[in-house]
Amino acid sequence: MPSNAVDATDLYTIFPTAGTGFNILVDGDDTGTFNVSGSARYYTVGVSFVYDGSGESEMYEYNPPRFIVANNSNLNMTVNCTAPFDPRISGARVYIKEKEGNTLTDKTGIWYLLMDIDMTRGARADIFGDNYSGWVTTHYWGVGTNNTRLYLKVTKEFSSEPTMTRESVVGYNFAHQTTSVRYKTAVVANRRTYIGNVQYIDRHSITHTKGDAVIKSPVNQFDAFPTTGLIETSVNDGDNIVKLEEYADRLLIFKKNKLDLLNISQEIEFLEDTFMYKGVSHPAATCKTDYGIAWVNRHGCYLYDGQKVNNLLEKQGRQIIKESEWFNFLTPAKNGSGTLMTPMIGYLPKKRQLIVFDDITTNSTADPRMYLYDMVTQSWTKGTNDGSNRVIDIAKTNFITDWNGDLVYAHTAGTVVKWDDVSDASAGFDILTKDIDFGHPGQVKRIYGFHITYKCTGDGNISLGWFKDGSTAGETSGGGPSFVSTSARWSTISLSFAPYNCYSLKIHLSPSSGDTTPANFEINDITVIYRLKGMR
Amino acid sequence: MPKQLYKITQFHGGLNSNSDARDIAENELSEATDVMVDELGKIRLMGGTAAHVSGSPEDDQATGWDNGSAPIIPGYGLFYFSHDRTGAEDKGSSEAITGDDYLAIYDGNDGQVWIYSRVANVWNDDAAAANTGVIDIGSSNTTTAQVNFYTVDGAIRVCDGNFANSNTNQWYGYINRKHFVLQDLSSDVAGNNGDTLYTYSGWYAKDQELAAPTRGLLGGLSSDVDVIVGGDSDSWSITNTPRLLQGTATGGSTTTVIDNDATGSNGAFHNFLAS
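Residue numbers (my numbering), protein chains in the order written: chain D, 1 to 536; chain H, 1 to 275.
Be a bit skeptical, because a hint or two may be false.
[As the list claims (entries may be wrong)] From the structure, some residues in chain D lie toward chain H, with a derived Cβ separation under 7 Å:
{"#": "1", "residue": "Leu-25"}
{"#": "2", "residue": "Gly-28"}
{"#": "3", "residue": "Gly-134"}
{"#": "4", "residue": "Lys-322"}
Since the hints were made in silico from the structure, they are not lab data.
All residues carry an ideal CB built from backbone N, CA and C; glycine is no exception.
Okay, chain D solo, but in the shape it has when bound (with noise of 0.2 Å):
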């Protein structure tokens, strides 16, 4: 174009806004085979933008304006543009509808690919194809500057009208769209994405909240969800989704007090299972892990394997943490009342250890503010809270697993800390062995003393003492057997007393009041000197 006003020769062709979209120019009375119907035909225009090579946006309809293809002609079409475009869009597509002749009246509704343009190379007429016609600057000045040449047009002939539908372009009815698409949860598995406890506007611009929806999009395009993906496992039940997992082609959908196990293996997904009073109460309270997922709630800790949901509180059959324990957990006191808390989980796959929060932030007053399981071993202990060696008690993030294994959280003004295995010192370090019978519990034994292999760096700073006969109060002390230094060597500390009778005991260890047990105290073996009385 000139840079002054128009003479009244000068051509003209008039661009859209830059990056906004196409203008497009038709000539349908060129002599071919596009329209060989016996009279002219009328068609629509809409066009859409292609993003990252897959996901297609809505569709801007160039309605009620129609275009006519003669009888015996063929269809010429020019896509005028401006650049640049936002580089997240790698092509468009201009689809065609064909009108009820001269009128507003769809006559079949079906919306037909005819170009699909490729921002890079141009515009092709079969999607399949590689007959790209290139783009072409149309207006340029300053040649040698990319700024210079904004205006583009690349030029297609159809000599036969397409056939593919855009709901077999794109995989779903361009009816059933969504825009403003907001949610609490998503998770990736066979190439979609799956979203839950969703929000969206529909077609007729409704904003819909769906707590109890999860919404999947096509294959392969993973910022498109359609209503046509729209899976609904349950409704109306008082909950809401909460956070969404993937495994072993399941898609677990935990809600605040159930769990709904949804195969998606196949095209048409099921709903395998239900699991009641599974549900968790935060995002955080679930994490991925090389045997399945794991997850905590009020009532326990779970591992779903992708076969069964395993109660990680139950060993071999049987329970191994009181569930009245688990629930006072859950409380800032540890004592059953309260306002209960949000647990967090996360997940430890160089030691294949999950450890368990008691909170995402500073309700708890009390310890213990965690619990670590062992999936090796398959046991538990319990963790307190330590401002410098175990920052648990403090706002933080959710848990991550990052690149190197670590398990890793953030808190305060952005710290990122990770879970680091090395043994911390301890002032809170607290062991009970079984209630010890000897094998004969209705005998009376005479208790001699003790054996301890330990060993450690410093002074072990620890007090020995045990219960008898079941007592959990009423502590005898050890009478101060010192756990000296071994200098990081094992030695076995023993300790002789008036000997005493008793049924059974329970041995104690702990820091000394107001102490604290160095970081690489440990110990090996336990052994007790007894004799068991006569039976009279």
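Use these hints to put chain H onto chain D, whose structure you have.
For chain H alone, kept in the frame of chain D given last:
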């Protein structure tokens, strides 16, 4: 009866708080706090937390990431992803394909996402906008955002799951794409000489939603004035509404585009100023 020794040498059964302490297994404990029983035959002290990566997201903000209020949304906001390209931490361009691992963290103060690079070992800000995270979801009640992430095919998506807010889903990925490779026309070498007009190679933050075209006209050439019918009623007159997107102007001197309808030469525009 002679004296006997009762040895406890295994502890890997861990805590058993359900059964009576007398009935638990030999290798179980009735109390086990701050200890580990993962190594057979011994009890050791439990580990804890340790510094993970150098620096923190606030390193690149003049006012600090914390900015006086808690940037952490409890239970949300941390994400890990890997990518073939380096440079995600600062939205770099022309990045190497040598691979990198990243942590992304959401900042509740300003609704931005900051990224740590394992290779660069640094949290960084947008190379083109100092003190700014590489992703910005918006400014709607950012301290209450419930952000969730997912990644697929080299791009992460960030969504605020708190529907009461009006933040926008974001897409963040590496784009390596050319736009408009021109034909090489020997008769028109000046403009159409095979050049590539736009080459994109860099990290971009974009809306996740696939926005549709918003502009476009359907029209004809001056050589085929009757190819288009328009209007919002049936049987619209062709001759009265030619829509010509290309043709010959009739001249003029103002900046207003006028369809020279009065002369009967519809589509023969005049009175517009070219760019």
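So, going through the hints one by one against the coordinates:
Taken as an interface hint, Leu-25(D) checks out: its beta carbon lies about 5 Å from the nearest beta carbon of chain H, inside 7 Å. The restraint placing Gly-28(D) at the interface with chain H holds, with a minimum CB-CB distance near 5 Å, inside the 7 Å limit. The closest approach between the C-beta of Gly-134(D) and any C-beta of chain H is roughly 4 Å, which is under the 7 Å cut-off, so the hint is satisfied. The closest approach between the C-beta of Lys-322(D) and any C-beta of chain H is roughly 4 Å, which is under the 7 Å cut-off, so the hint is satisfied.
Of the numbered hints listed earlier, not one is contradicted by the structure.
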